[in-house]
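Enquirer: Sequence:
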Amino acid sequence: RLIGCAILAVVEISVLVVGGYACRVSRLKYIRMYGHSTLTARYQVKEAREMAKAMIPAYVISFILK
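Under my numbering, the very last position in the sequence shown is 78; numbers go up by exactly one each time.
Heads up, some of the hints might be wrong.
Unchecked claim - Computed beta-carbon distance windows for the label pairs:
no., residue 1, residue 2, range
1, LEU14, PHE75, 16 to 24 Å
2, SER26, ALA66, 15 to 23 Å
3, ILE68, VAL22, 34 to 42 Å
Hints in this document: simulated from the structure, not taken from any laboratory. Virtual Cβ for every residue (Gly too), placed ideally from N, Cα, C.
Taking the hints into account, I'd like the entire structure generated from these sequences.
Expert: Have a look at this one:
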């Protein structure tokens, strides 16, 4: 039982870290490509950033509830 809880904690923390990293990377990519890329490419990166930001609260709530 203890091993299962430890594995779950590692997975949940990994999800939080990867979610935060995805949000940061997409923000930096959008900043770098602003003015240099097509509107479609910028829109796709902006959508990825918004999705990453929107998922952070769900990750945190899931982590707290478990």
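Enquirer: Now look at each hint and say whether the structure bears it out.
Expert: Here is what the structure says about each hint:
{"no.": "1", "hint": "LEU14 x PHE75: 16 to 24 Å", "verdict": "holds, 19 Å"}
{"no.": "2", "hint": "SER26 x ALA66: 15 to 23 Å", "verdict": "holds, 19 Å"}
{"no.": "3", "hint": "ILE68 x VAL22: 34 to 42 Å", "verdict": "violated, 19 Å"}
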